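A.B. asks: These are the residues of each chain, in order.
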Amino acid sequence: MGSAVIVARSVHKHYGPIHAVDGVDLDIRAGELFGLIGHNGAGKSTMFKMMLGLIPATAGEIRIDGAQVSGGNFRAVRRTIGYLPENVVLYDNLTGLETLHFFSRLKGVSPAESGAALERVGLAQAARRRVREYSKGMRQRLGFAQALLGKPRILFLDEPTSGLDPEAIRSFYAILRQLRSEGVTMVITSHILAEIQERVDRLAIMTAGKIQASGTVQALREQMDLPLWFTVRTAQEDFAAVRAALAHLPVGAIEAHADHLTVPCQRENKMAVIEALAALGGRVRDLTVREPSLEDVFFGFSD
Amino acid sequence: MEIKQITTVASKEFWDRIRNRWVLAVALVFTAFALVIAYFGAAQQGSVGFHAIDVTIASLVSLVIYLIPLIALILGFDAIVGERERGSLDLLLSMPITRLEILLGKYFGLAAALTFSTVAGFGVAGIVLSPQLDLNALFHYFGFMLSSVLLGCTFLSLAVMLSVFASDRTRASGLAIALWFFFVLVFDLLLLGALVVTGGQWGGEIFPYLLLANPADVFRILNVFALDDVRTLYGLTTVFPPTLANPWLLGLVMLAWIAAPLGIASWRFRK
Numbered sequence: 003m004g005s006a007v008i009v010a011r012s013v014h015k016h017y018g019p020i021h022a023v024d025g026v027d028l029d030i031r032a033g034e035l036f037g038l039i040g041h042n043g044a045g046k047s048t049m050f051k052m053m054l055g056l057i058p059a060t061a062g063e064i065r066i067d068g069a070q071v072s073g074g075n076f077r078a079v080r081r082t083i084g085y086l087p088e089n090v091v092l093y094d095n096l097t098g099l100e101t102l103h104f105f106s107r108l109k110g111v112s113p114a115e116s117g118a119a120l121e122r123v124g125l126a127q128a129a130r131r132r133v134r135e136y137s138k139g140m141r142q143r144l145g146f147a148q149a150l151l152g153k154p155r156i157l158f159l160d161e162p163t164s165g166l167d168p169e170a171i172r173s174f175y176a177i178l179r180q181l182r183s184e185g186v187t188m189v190i191t192s193h194i195l196a197e198i199q200e201r202v203d204r205l206a207i208m209t210a211g212k213i214q215a216s217g218t219v220q221a222l223r224e225q226m227d228l229p230l231w232f233t234v235r236t237a238q239e240d241f242a243a244v245r246a247a248l249a250h251l252p253v254g255a256i257e258a259h260a261d262h263l264t265v266p267c268q269r270e271n272k273m274a275v276i277e278a279l280a281a282l283g284g285r286v287r288d289l290t291v292r293e294p295s296l297e298d299v300f301f302g303f304s305d
Numbered sequence: 006m007e008i009k010q011i012t013t014v015a016s017k018e019f020w021d022r023i024r025n026r027w028v029l030a031v032a033l034v035f036t037a038f039a040l041v042i043a044y045f046g047a048a049q050q051g052s053v054g055f056h057a058i059d060v061t062i063a064s065l066v067s068l069v070i071y072l073i074p075l076i077a078l079i080l081g082f083d084a085i086v087g088e089r090e091r092g093s094l095d096l097l098l099s100m101p102i103t104r105l106e107i108l109l110g111k112y113f114g115l116a117a118a119l120t121f122s123t124v125a126g127f128g129v130a131g132i133v134l135s136p137q138l139d140l141n142a143l144f145h146y147f148g149f150m151l152s153s154v155l156l157g158c159t160f161l162s163l164a165v166m167l168s169v170f171a172s173d174r175t176r177a178s179g180l181a182i183a184l185w186f187f188f189v190l191v192f193d194l195l196l197l198g199a200l201v202v203t204g205g206q207w208g209g210e211i212f213p214y215l216l217l218a219n220p221a222d223v224f225r226i227l228n229v230f231a232l233d234d235v236r237t238l239y240g241l242t243t244v245f246p247p248t249l250a251n252p253w254l255l256g257l258v259m260l261a262w263i264a265a266p267l268g269i270a271s272w273r274f275r276k
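Protein chains in written order, with this note's numbering: chain A, 3 to 305; chain Z, 6 to 276.
Honestly, the hints are just simulated from the structure, not real lab data. No experiment lies behind these values; they were computed from the predicted model shown. You may find that some hints are simply not true.
[Claimed, not checked] The calculated lysine to any residue pairs, modelled on SDA-like cross-linking and capped at a C-alpha distance of 20 Å, are: (1) Lys9(Z) <-> Arg77(A); (2) Lys9(Z) <-> Ala32(A); (3) Lys276(Z) <-> Ala264(Z).
Work out the full structure, taking the sequences as your base and the hints as a guide.
C.D. replies: Below, the structure is given as structure tokens:
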């Protein structure tokens, strides 16, 4: 990863008494896929709009590649940016191709790029159909194609997989991986935390207009010190033996289910628990260890 | 300011109206009204058929003064607020384009559609009538078309302005109707009422200037003073000094009526 290309310093946005964004500092590095997650109303979209220069900050400063996005050279800055808004709304009476021609002219890009962008998101077949005939997923893909026009170096993606089917979501992230390999910096928001936890390089958790935590998913897990979860599959008559084997170890409350037990334990005791269970031999039919999910981390910080 | 950005937005707006047949529909309405008025305008006097361009223009002015402001306001009231409400404005604003360029692009695109339909509508009627018109009559008819275009552009400018101020499309449409009522129906009544109530003591001297504060009145004066035979039909000419009725001056007033609302809209849109 390179140096920071998006830098926010003490950014505030106030709407009367409401502090939508309250003293945010961010450094997003060149070529990374950065996630911004938070509840509805946490300030993500406001932060996005300020980073894009759509609304001014009440206080503080945001710089993209060292320049203010709404400053004197805003055109040059915006030509390096692609933006896919949440619930993208395009023009119903234009075809997919005409839509991209319109945005390519605004971006100062050759309209010839439009066909390639449609191909990339899998809409080449629907290029000459009116947008009003597109499904929600197709509109979302067209919006993504629009964001890719002009080969932007920075992409802002607000809930980009909303309305996409699983196959389209997989294709979408395949494109993001390719873009990352080309050095494109991406900022993404999503409500589907399981979807982004394995895909982002780093993320920030926003609540009530503030960044509660930021870093890699693994670093945040460690920072929260959340337990690992063992699932021990065994017969009910062996539940007592498992409990006895773990009795001398510092594990959390063991929960019994129909055919398995769940055991929370801190990371440093992981190997000791595995050894204790291994000593039970064939009485343990299966064992899985689950890392705390991004959702666990998110709720840990936001609560 | 980049002209290319303005023309990109304007071109989209214009072709949208061509594509959804808005321009065709309005042009047909204008053609139909112009021909009906030209041929049946004198039916109440017991005769039909084209009589004189003066009377035809006078009748058309009476019609156009209601119709064009309404069409222009309907065309422009959701230019900005519609984009904002649908959610497409943010994407547009994220492009390398200024708010002023978006505003002007929207305005010029819609103005081109309105101009095209006005010229096509009245132009077709003019071509149909042309065998019966001499050069002087054609000149006056052309002047009427030009002033109709200016009238449309002034009300379109007002519509775009309120589209920037309104918080949603419903309010914008309400404001557009209120604006139409005020300028087309209420304004003259208020002026005349003030004159009558005060027995001419109040407003007598500034009355002609107050008429310039209404683009619909400017349009009427522009057409009334251009035609000798029509001038005698209107009491308005007795209170309006001929020096103020200079077509170039009135044309400038119309242009000011286009520029001022756009200026205010631009100021508000930047906020």
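A.B. asks: Against each hint, give a clear statement of whether it holds in the structure.
C.D. replies: Against the structure, the hints come out as follows:
1. For the suggested pair lysine 9(Z) and arginine 77(A), the alpha carbons sit about 13 Å apart, so the restraint of at most 20 Å is met.
2. Between the alpha carbons of lysine 9(Z) and alanine 32(A) the distance comes to roughly 32 Å, so the proposed pair goes past 20 Å and is violated.
3. At roughly 19 Å between alpha-carbon atoms, lysine 276(Z) and alanine 264(Z) fall within 20 Å of each other, so this suggested pair holds.
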